[in-house]
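Asker: Note that the protein sequences, when read in sequence, are chains A and B.
Heads up, the final residue of the first sequence is numbered 424 in this note's numbering, and it's a clean run with no missing numbers.
Heads up, the final residue of the second sequence is numbered 424 in this note's numbering, and it's a clean run with no missing numbers.
I should point out that these hints are in silico values taken from the structure, not numbers from a laboratory.
Be careful, since some hints might not be right.
A pair counts as met if it fits within one copy or between any two copies, since identical chains are not told apart.
Unchecked claim - Restricting the straight-line Cα-Cα distance to at most 20 Å, the calculated cross-link-like pairs of lysine to aspartate or glutamate (EDC-like) are:
#: 1; residue 1: K257; residue 2: E129
#: 2; residue 1: K126; residue 2: D208
#: 3; residue 1: K248; residue 2: E122
#: 4; residue 1: K167; residue 2: D401
#: 5; residue 1: K41; residue 2: E180
#: 6; residue 1: K376; residue 2: E122
#: 7; residue 1: K167; residue 2: D400
Here the structure is a predicted model, which is why all the values come from computation and not from measurement.
2 protein chains.
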Amino acid sequence: MNAEIITIGDEILIGQVVDTNSAFLATELNKIGISVCQISSIRDNREHILTALDEASARADLIICTGGLGPTSDDITKHTLAEYFGSRLEVNPYVIDSIRMLLEARGVSLNERNIKQAELPHNCDILPNSAGTAQGMLFEKEGKFFVSLPGVPFEMKTIWCEELEKKLKELFPLPAIQHITLLTHGIPESKMADLIHDWEVSLPQNLKLAYLPSPGILRLRITGRTEQNDAELTLLMKQEAEKLKAKIGSAVFGMDDDKLEVIIGKLLKDNNLSLSTAESCTGGWISALLTSVPGASMYYKGGIIAYSNEIKTSELNVSPYTLMMNGAVSQAVVEQMADGVRNKFNTDYAIAVSGIAGPTGGTDDKPVGTVWIALASRKRILSNVYNFGDDRGRNIQKAAIAALFILQKELMCS
Amino acid sequence: MNAEIITIGDEILIGQVVDTNSAFLATELNKIGISVCQISSIRDNREHILTALDEASARADLIICTGGLGPTSDDITKHTLAEYFGSRLEVNPYVIDSIRMLLEARGVSLNERNIKQAELPHNCDILPNSAGTAQGMLFEKEGKFFVSLPGVPFEMKTIWCEELEKKLKELFPLPAIQHITLLTHGIPESKMADLIHDWEVSLPQNLKLAYLPSPGILRLRITGRTEQNDAELTLLMKQEAEKLKAKIGSAVFGMDDDKLEVIIGKLLKDNNLSLSTAESCTGGWISALLTSVPGASMYYKGGIIAYSNEIKTSELNVSPYTLMMNGAVSQAVVEQMADGVRNKFNTDYAIAVSGIAGPTGGTDDKPVGTVWIALASRKRILSNVYNFGDDRGRNIQKAAIAALFILQKELMCS
Numbered sequence: 011m012n013a014e015i016i017t018i019g020d021e022i023l024i025g026q027v028v029d030t031n032s033a034f035l036a037t038e039l040n041k042i043g044i045s046v047c048q049i050s051s052i053r054d055n056r057e058h059i060l061t062a063l064d065e066a067s068a069r070a071d072l073i074i075c076t077g078g079l080g081p082t083s084d085d086i087t088k089h090t091l092a093e094y095f096g097s098r099l100e101v102n103p104y105v106i107d108s109i110r111m112l113l114e115a116r117g118v119s120l121n122e123r124n125i126k127q128a129e130l131p132h133n134c135d136i137l138p139n140s141a142g143t144a145q146g147m148l149f150e151k152e153g154k155f156f157v158s159l160p161g162v163p164f165e166m167k168t169i170w171c172e173e174l175e176k177k178l179k180e181l182f183p184l185p186a187i188q189h190i191t192l193l194t195h196g197i198p199e200s201k202m203a204d205l206i207h208d209w210e211v212s213l214p215q216n217l218k219l220a221y222l223p224s225p226g227i228l229r230l231r232i233t234g235r236t237e238q239n240d241a242e243l244t245l246l247m248k249q250e251a252e253k254l255k256a257k258i259g260s261a262v263f264g265m266d267d268d269k270l271e272v273i274i275g276k277l278l279k280d281n282n283l284s285l286s287t288a289e290s291c292t293g294g295w296i297s298a299l300l301t302s303v304p305g306a307s308m309y310y311k312g313g314i315i316a317y318s319n320e321i322k323t324s325e326l327n328v329s330p331y332t333l334m335m336n337g338a339v340s341q342a343v344v345e346q347m348a349d350g351v352r353n354k355f356n357t358d359y360a361i362a363v364s365g366i367a368g369p370t371g372g373t374d375d376k377p378v379g380t381v382w383i384a385l386a387s388r389k390r391i392l393s394n395v396y397n398f399g400d401d402r403g404r405n406i407q408k409a410a411i412a413a414l415f416i417l418q419k420e421l422m423c424s
Numbered sequence: 011m012n013a014e015i016i017t018i019g020d021e022i023l024i025g026q027v028v029d030t031n032s033a034f035l036a037t038e039l040n041k042i043g044i045s046v047c048q049i050s051s052i053r054d055n056r057e058h059i060l061t062a063l064d065e066a067s068a069r070a071d072l073i074i075c076t077g078g079l080g081p082t083s084d085d086i087t088k089h090t091l092a093e094y095f096g097s098r099l100e101v102n103p104y105v106i107d108s109i110r111m112l113l114e115a116r117g118v119s120l121n122e123r124n125i126k127q128a129e130l131p132h133n134c135d136i137l138p139n140s141a142g143t144a145q146g147m148l149f150e151k152e153g154k155f156f157v158s159l160p161g162v163p164f165e166m167k168t169i170w171c172e173e174l175e176k177k178l179k180e181l182f183p184l185p186a187i188q189h190i191t192l193l194t195h196g197i198p199e200s201k202m203a204d205l206i207h208d209w210e211v212s213l214p215q216n217l218k219l220a221y222l223p224s225p226g227i228l229r230l231r232i233t234g235r236t237e238q239n240d241a242e243l244t245l246l247m248k249q250e251a252e253k254l255k256a257k258i259g260s261a262v263f264g265m266d267d268d269k270l271e272v273i274i275g276k277l278l279k280d281n282n283l284s285l286s287t288a289e290s291c292t293g294g295w296i297s298a299l300l301t302s303v304p305g306a307s308m309y310y311k312g313g314i315i316a317y318s319n320e321i322k323t324s325e326l327n328v329s330p331y332t333l334m335m336n337g338a339v340s341q342a343v344v345e346q347m348a349d350g351v352r353n354k355f356n357t358d359y360a361i362a363v364s365g366i367a368g369p370t371g372g373t374d375d376k377p378v379g380t381v382w383i384a385l386a387s388r389k390r391i392l393s394n395v396y397n398f399g400d401d402r403g404r405n406i407q408k409a410a411i412a413a414l415f416i417l418q419k420e421l422m423c424s
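Could you put the whole structure together from the sequences, leaning on the hints where they help?
Answerer: What follows is the structure, given as structure tokens:
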């Protein structure tokens with residue numbers, strides 16, 4: 011069972027937009043046992059779209075197109091698809107209603123262009139878009155299936171999750187594919203590969219391992235595939251995951267789709283504990299991560315972003331003398347910050363960060379990327395220093411993740 | 011003059027890696043006047059590579075492949091290219107020397123795998139790689155040019171900058187391509203299309219418009235192309251951009267690669283003004299955006315994340331009575347938050363946000379997505395209410411961007 015992905019839009023071909031839709035679709039298709047044999051990005055151009063459809067359907071059973079469904083004149087996908095599949099465009103009254111409701115909820119009224127978006131090929135299955143006005147479409151031609159999705163990532167993902175995944179599972183007899191992912195922190199990729207080499211080479215043939223690194227986190231994904239017994243595969247995979255865990259123990263902080271900020275939230279909530287933050291160089295990233303979790307207000311009380319030294323003193327009770335003697339990026343200051351916000355907001359825990367994100371502000375002693383992180387609890391204050399390198403954006407990200415890891419470790423131990 | 015890009019590697023087709031190489035190459039090719047007509051990602055597979063080369067060279071004059079040049083057994087690009095171009099592989103003594111020097115500088119000595127990498131097709135131009143062991147290659151066949159580059163982004167970029175760009179300019183007579191992008195806020199895509207329809211259809215033939223939407227921001231990109239007079243095109247494009255601006259005036263907040271948080275930073279810095287923030291539902295996103303800009307500490311003093319009502323009262327001086335009578339998501343509370351943080355941090359401006367990010371917490375009166383935003387200056391306090399819909403992540407993003415727009419507008423007017 012093979013698929014191809016076609017992304018339509020000039021913005022990708024001029025390099026203005028990085029095509030993340032294809033990576034999402036490729037990941038999801040692989041998860042349900044559909045291999046992707048090619049991804050093509052092509053122009054908003056009739057001939058080009060027609061050729062690409064022909065070429066792709068010569069190789070694959072399923073072709074998924076994204077993009078080109080907007081209401082503007084450079085979006086020509088729908089008309090070209092209608093031509094390819096010999097369709098009449100018909101206004102679909104149900105779609106008009108759903109677009110009207112969607113727009114009304116946003117305080118916008120229906121206009122002519124929106125009505126145009128409800129004109130859909132008569133011979134497709136509509137894949138409703140609950141997040142936008144461009145509908146998904148599913149066609150069948152000569153035994154091959156073709157899907158068209160909007161290019162806005164959020165809308166494309168919504169249709170995948172709410173409609174398309176289910177549909178594909180109904181349409182095709184798919185092999186069983188299972189994944190177990192271990193989320194690890196603290197062991198770099200090449201060291202990890204050495205550490206688990208013996209286990210990896212002894213894996214059964216139908217199991218495969220992938221290394222998925224991202225800043226601060228390395229995911230190890232075991233993929234298993236069977237045409238026969240689903241339950242047997244589940245058992246086998248669990249056993250292999252346990253063996254892997256035994257090798258790398260404390261580096262594993264979660265499984266599958268777990269997120270660090272969700273794990274921390276659960277630990278705090280379950281133990282009726284509260285948290286506050288004091289951020290300098292991370293400038294709100296830690297609190298933004300924490301509050302991305304629904305229900306965060308149950309344990310996260312708030313924070314101080316102390317970007318200036320004045321505010322470190324006035325709001326967090328950092329001693330001006332300590333600041334003068336040690337500088338803002340120092341163990342003494344970051345510990346006072348954590349202690350200060352914890353006392354002020356009366357929380358069980360507080361995390362504080364002070365560092366040099368860059369690109370300027372570094373010295374020989376404290377180069378760009380130097381970051382102090384402290385954790386204060388009702389019992390004690392811990393702190394650590396890091397150097398995350400010289401990229402501002404990655405320094406901020408890595409410092410925020412490192413701060414959350416310190417908290418998670420403390421919550422696990424106490 | 012058309013080009014196609016082929017990225018070779020299974021990791022892209024399983025969604026493990028987002029293909030950023032293509033976006034880089036597409037940007038650079040367009041800059042020098044080479045249009046990219048297709049980008050394809052294909053497997054590490056001999057037949058697939060051969061077919062892709064045939065298909066691409068039927069459409070384009072230049073084909074650039076990346077990936078598959080590593081020393082491991084799944085990297086088969088070089089042998090497949092040698093087959094396609096009828097080449098013998100020969101060890102190149104100059105390349106051996108350069109690989110040896112590169113490795114010695116890293117404290118590593120040459121091994122057999124490295125020597126294999128110096129085996130190159132006898133009938134290609136070598137594009138030396140000063141950043142790694144896999145060399146770039148340039149072939150000519152039946153009047154078409156083919157380039158093969160390593161897949162490691164840093165090495166690919168090094169070869170582009172040091173070798174390939176220069177080479178392509180020598181090989182081809184290139185047209186000039188220019189882009190002007192207007193960044194707009196506040197007019198949805200379909201309304202914008204109506205508003206500028208007359209202007210759009212009257213554009214000269216060599217100019218094209220594209221709509222590039224993202225949460226809260228719509229970019230309008232004019233692309234111009236000429237085979238003749240570069241300066242004339244520049245003038246023509248400026249004139250058309252001015253006409254467009256005249257139509258949508260205040261919706262335009264920046265040009266080309268401008269970022270809202272950078273524009274605001276510049277306005278504050280140039281006028282020696284300071285800013286603080288008080289965030290509830292955005293939970294630190296606004297401050298994270300502001301502090302993503304290098305040098306933000308010159309104007310951004312800090313902020314309070316007041317996730318709980320207690321903290322709204324204790325830190326921002328919001329009246330408990332106002333909170334009780336109006337609820338936290340209300341005009342009165344958000345105005346007190348803005349005023350409170352501005353007074354506390356003694357800044358010229360302050361922005362405050364209070365809303366219901368979701369997924370729970372909505373009521374009939376105040377559904378999920380209801381967000382109040384206030385701006386306080388030394389002169390006055392402004393506030394607005396929004397409804398951003400029902401997705402938590404997007405509510406937070408959109409609220410943060412809307413808050414920055416209110417500030418930008420005020421800074422422009424004062």
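Asker: Next, verify each hint and record whether it holds.
Answerer: Hint check:
| no. | hint | verdict |
| --- | --- | --- |
| 1 | K257 to E129 | neither (57 Å within a copy, 29 Å between copies) |
| 2 | K126 to D208 | between (60 Å within a copy, 19 Å between copies) |
| 3 | K248 to E122 | neither (55 Å within a copy, 31 Å between copies) |
| 4 | K167 to D401 | between (30 Å within a copy, 13 Å between copies) |
| 5 | K41 to E180 | within (15 Å within a copy, 46 Å between copies) |
| 6 | K376 to E122 | neither (60 Å within a copy, 30 Å between copies) |
| 7 | K167 to D400 | between (34 Å within a copy, 15 Å between copies) |
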